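In order, the protein sequences belong to chains B, D and W.
For the first sequence, numbering that gives the first Met the number 0 gives the first residue as 0, with consecutive numbering after it.
For the second sequence, numbering that gives the first Met the number 0 gives the first residue as 0, with consecutive numbering after it.
For the third sequence, numbering that gives the first Met the number 0 gives the first residue as 0, with consecutive numbering after it.
Just so you know, the hints here were simulated from the structure itself, not pulled from any lab data.
In this text the structure is predicted, and so the values were computed from the model without any measurement.
One or more hints might be untrue.
As the list claims (entries may be wrong) - Among chain D residues calculated to face chain B with C-beta under 7 Å, some are:
| id | residue |
| --- | --- |
| 1 | 54 |
| 2 | 96 |
| 3 | 104 |
Said to hold, decoys possible - Negatives, chain W to chain B, calculated, CB over 10 Å:
| id | residue |
| --- | --- |
| 4 | 42 |
| 5 | 62 |
| 6 | 83 |
| 7 | 84 |
| 8 | 86 |
| 9 | 93 |
| 10 | 97 |
| 11 | 105 |
| 12 | 109 |
| 13 | 110 |
| 14 | 113 |
| 15 | 116 |
| 16 | 126 |
| 17 | 129 |
| 18 | 132 |
Unchecked claim - Coverage of chain B stretches by chain W, computed from C-beta distances (three or more under 8 Å per stretch; other residues unrestricted):
| id | stretch |
| --- | --- |
| 19 | 70-76 |
| 20 | 147-161 |
| 21 | 164-178 |
Glycine is no exception: its CB is placed at the ideal position from the N, C-alpha and C atoms.
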Amino acid sequence: MLAFIRGQLISIAFVVFVLGLIFHFIQFFRLTRKKEWAYPPLEIKSQKKTPGQWVTSCLASLNGTLWKTYPVVTVMTSVFHVFLIGVPLFLLGHNMLLSQSWGLSFWSLRESVTDVLTVVVIVCAAFFLGRRLFLARVRAITTAYDYLVLLIAVAPFLTGYFAYHQWFDYRTVMTIHILSGVVMLITIPFTKLGHMLFFFLYRFLIGTEYSFARGARAW
Amino acid sequence: MSHQELKPVDTKQIQGMLSRKKGKMKRFLSYCAHCSLCAESCFLYMEHHKDPQYMPSYKAINSLGKLYRKNGKVDRKLLTEMKGIVWRNCVLCGRCYCPIGIHIPSMIAFARSILRSQDVYPQLDEVSSESWL
Amino acid sequence: MKWTGCSLWMIAFAALLMLSHSPVNAQPDKMILDLSAISGKTTRPPVSFPHNRHVEAGLSCKDCHHIYENGKNVLDESKLEEGNKGIRCSACHGPKSQANLEQAFHNQCVGCHTKYEKEKKKTGPRYCGECHIRK
Numbered sequence: 000m001l002a003f004i005r006g007q008l009i010s011i012a013f014v015v016f017v018l019g020l021i022f023h024f025i026q027f028f029r030l031t032r033k034k035e036w037a038y039p040p041l042e043i044k045s046q047k048k049t050p051g052q053w054v055t056s057c058l059a060s061l062n063g064t065l066w067k068t069y070p071v072v073t074v075m076t077s078v079f080h081v082f083l084i085g086v087p088l089f090l091l092g093h094n095m096l097l098s099q100s101w102g103l104s105f106w107s108l109r110e111s112v113t114d115v116l117t118v119v120v121i122v123c124a125a126f127f128l129g130r131r132l133f134l135a136r137v138r139a140i141t142t143a144y145d146y147l148v149l150l151i152a153v154a155p156f157l158t159g160y161f162a163y164h165q166w167f168d169y170r171t172v173m174t175i176h177i178l179s180g181v182v183m184l185i186t187i188p189f190t191k192l193g194h195m196l197f198f199f200l201y202r203f204l205i206g207t208e209y210s211f212a213r214g215a216r217a218w
Numbered sequence: 000m001s002h003q004e005l006k007p008v009d010t011k012q013i014q015g016m017l018s019r020k021k022g023k024m025k026r027f028l029s030y031c032a033h034c035s036l037c038a039e040s041c042f043l044y045m046e047h048h049k050d051p052q053y054m055p056s057y058k059a060i061n062s063l064g065k066l067y068r069k070n071g072k073v074d075r076k077l078l079t080e081m082k083g084i085v086w087r088n089c090v091l092c093g094r095c096y097c098p099i100g101i102h103i104p105s106m107i108a109f110a111r112s113i114l115r116s117q118d119v120y121p122q123l124d125e126v127s128s129e130s131w132l
Numbered sequence: 000m001k002w003t004g005c006s007l008w009m010i011a012f013a014a015l016l017m018l019s020h021s022p023v024n025a026q027p028d029k030m031i032l033d034l035s036a037i038s039g040k041t042t043r044p045p046v047s048f049p050h051n052r053h054v055e056a057g058l059s060c061k062d063c064h065h066i067y068e069n070g071k072n073v074l075d076e077s078k079l080e081e082g083n084k085g086i087r088c089s090a091c092h093g094p095k096s097q098a099n100l101e102q103a104f105h106n107q108c109v110g111c112h113t114k115y116e117k118e119k120k121k122t123g124p125r126y127c128g129e130c131h132i133r134k
C-alpha cells in the first residue's frame with residue numbers, strides 16, 4: 000500500500016494533472032476565437048520622461064489597482080502564490096528524489112530558506128482563512144467548498160513542515176504529506192484551483208480593458 | 000405586473016440557454032476564488048456603505064450561479080429576486096475588476112437575458128418610478 | 000583509480016566491538032556516516048548506518064563494497080578489514096568523482112532499498128527522515 004502511494008499514485012497524479020491542464024488549455028482555444036478588433040493602447044505616447052516623472056507616473060498608474068485599494072491583501076496573495084509554486088519546485092528533498100529517479104533536478108534552495116518560506120505560505124493561508132471567517136464581504140460568498148479548497152492548497156505545506164521537523168510519527172506524516180500532494184495535483188484541473196492556469200489565459204490572452212498584454216482573443 | 004405571475008416558468012428554455020453558453024459561464028463560475036477583491040471596483044458597493052450584496056461576485060453568484068446550480072429549475076419567486084440583483088443592484092457599467100480575469104458583466108448580462116426570456120424584467124412604463132422593481 | 004583522499008567515513012563506535020570468528024562481524028554495529036568533515040555544513044543530520052543488519056540480511060560484502068573495472072566488481076574481499084583507508088568509500092568518491100560521496104551514499108542506500116521494495120522483498124527505510132533522523 001505504502002509502495003503504491005509512493006510509486007504509481009504519484010505518477011497517476013502527475014498524469015491527471017498534466018492531461019487535465021492540457022485538456023482545459025485546448026478547450027480554451029476552442030471556446031475563444033481570434034479578435035477582429037483590439038483595444039487601442041490607452042496611454043498616449045508623450046515626450047521623454049525624466050526618471051522622477053517616470054517614477055511618479057508608475058506610482059500613479061497603481062492608483063486604480065488592487066495595490067492601492069487592498070495593499071495588504073495584494074502583497075499577501077502575491078507572496079502566497081509565488082511561494083506556493085516555487086517552494087515545492089526548488090525544495091532540496093524533492094529535487095533529491097527527482098535526481099534519484101530521473102537523474103535530473105532543478106536548482107535547490109537551502110533547506111533553512113525553504114523552511115522559513117513554508118511558514119510564510121502557511122501564514123498567508125491563515126490570513127486568507129481569517130478573511131473568510133471575519134470579513135463580512137468575504138463571508139457573504141463563502142461556502143464550505145471554499146474552506147475545503149484552502150485546506151487542499153495548504154495541507155501539503157503543513158504536513159511538509161511537520162515532516163521536515165519530524166514531528167509526530169514520521170511515517171504517518173510523510174504518507175499524509177504525499178497523499179495531500181496527490182489530492183492537490185489531481186484537483187487542480189477540476190476545481191477552482193484551476194485558476195492556476197486560467198489566470199494566465201484570461202489575463203494575457205483575452206483582450207479586455209484590464210488584460211495585461213494586448214489580448215488577441217475573445218470569447 | 001399581474002401577467003408575469005400567470006405564465007409558468009419554461010425550464011426547458013432556460014436550460015437551453017444555459018447550455019448554449021455553458022463552456023464560458025461554467026468556467027467563470029467555477030474559477031471564481033470567492034476572494035471578494037472585486038468589491039471596491041463597484042461604485043454601487045461603495046455607495047451602499049460596502050454592503051456585501053452589491054459585490055460584483057455576489058451578484059453573479061446569486062443570479063447566474065444559482066441558475067446553473069439549480070439547472071434552470073427555478074420558480075417565479077426566485078426569478079423575481081434575481082431581477083432585483085441584476086437590474087437594481089447592477090447597472091452593467093462594466094467597471095468591475097477581477098484579478099483572475101473573470102468577466103463579470105457578461106455573466107450579469109446573460110442572467111438578464113435569461114430572465115427576460117421568462118418575461119421577468121423591470122417595467123418602467125407600467126408602474127411608478129419609485130417601485131419599478 | 001586513485002587511492003588518495005582524506006579520511007571520510009567518520010566511524011563512531013556506538014557499540015562495543017563484537018569479536019567473533021567472522022571478519023564481517025568484527026565491525027562496530029552502528030556507523031555514523033557524517034559528511035560534514037568533507038563537504039562542510041550539511042543540512043540534514045548524519046545517518047546512523049547499521050552494518051550488521053545488512054550482513055545479517057544476507058548481503059555479501061561485494062553487494063555494496065566495490066571497485067569497478069570494465070563494469071565488473073574487481074574488489075579483493077581480503078582487503079576489507081578495518082583500518083584500511085583504501086577501502087573507505089571516500090577513497091574514490093571525492094568531490095570531483097563521477098558520483099560524489101553524498102551521491103554515492105544516496106545511490107547505494109536509496110537505490111537498493113527501492114530495488115528491494117519493487118521486488119517485494121523486505122527493505123530498509125524509504126523516506127528521507129528515516130535515515131536522517133533528527134534528535
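Comparing the hints with the structure gives:
The restraint placing residue 54 (chain D) at the interface with chain B holds, with a minimum CB-CB distance near 6 Å, inside the 7 Å limit. With its C-beta approaching chain B no nearer than about 6 Å, residue 96 (chain D) sits inside the 7 Å limit, and its interface hint holds. Residue-level restraint check for residue 104 (chain D) is violated (minimum Cβ-Cβ distance to chain B is 10 Å; threshold 7 Å). A beta-carbon of chain B is positioned within 10 Å of the beta-carbon of residue 42 (chain W); the least distance is around 4 Å.
No Cβ of chain B approaches the Cβ of residue 62 (chain W) within 10 Å, the least distance being about 19 Å, so the stated non-interface status holds. The Cβ of residue 83 (chain W) lies farther than 10 Å from every Cβ of chain B, with a closest approach of about 30 Å, so its non-interface assignment holds. With a least beta-carbon separation of about 28 Å from chain B, residue 84 (chain W) lies farther than 10 Å from that chain, consistent with its non-interface assignment. No beta-carbon of chain B comes within 10 Å of the beta-carbon of residue 86 (chain W); the shortest separation is about 25 Å.
With a least CB separation of 19 Å from chain B, residue 93 (chain W) remains clear of the 10 Å interface cut-off, as annotated. Its beta-carbon lying about 12 Å from the closest one in chain B, residue 97 (chain W) satisfies the requirement of being farther than 10 Å from that chain. Against chain B, the non-interface label of residue 105 (chain W) is violated: not every CB pair exceeds 10 Å, the least being about 6 Å. For residue 109 (chain W), the requirement that its beta carbon stay farther than 10 Å from each beta carbon of chain B is not met, with the minimum near 6 Å.
A beta-carbon of chain B comes within 10 Å of the beta-carbon of residue 110 (chain W); the shortest separation is about 8 Å. Residue 113 (chain W), annotated as away from the interface, has a beta carbon of chain B within 10 Å; the closest lies near 8 Å. Its closest Cβ contact with chain B, about 5 Å, brings residue 116 (chain W) to no more than 10 Å, contrary to its assignment away from the interface. Interface exclusion of residue 126 (chain W) from chain B breaks down, the closest Cβ pair being 5 Å apart, not more than 10 Å.
Not every CB of chain B is more than 10 Å from the CB of residue 129 (chain W) (nearest about 7 Å), against its label as outside the interface. At the 10 Å boundary, the C-beta of residue 132 (chain W) falls inside the reach of chain B, the nearest C-beta of that chain being 7 Å off. As drawn, the stretch 70-76 of chain B meets chain W at 0 residues by the rule of a beta-carbon pair under 8 Å; below three, the given contact is violated. With 0 residues carrying a beta carbon less than 8 Å from a beta carbon of chain W, the stretch 147-161 of chain B misses the three-residue requirement, and the given coverage is violated.
Coverage of the stretch 164-178 of chain B by chain W holds. Counting CB-CB distances below 8 Å, 5 residues qualify, and the rule asks for three or more.
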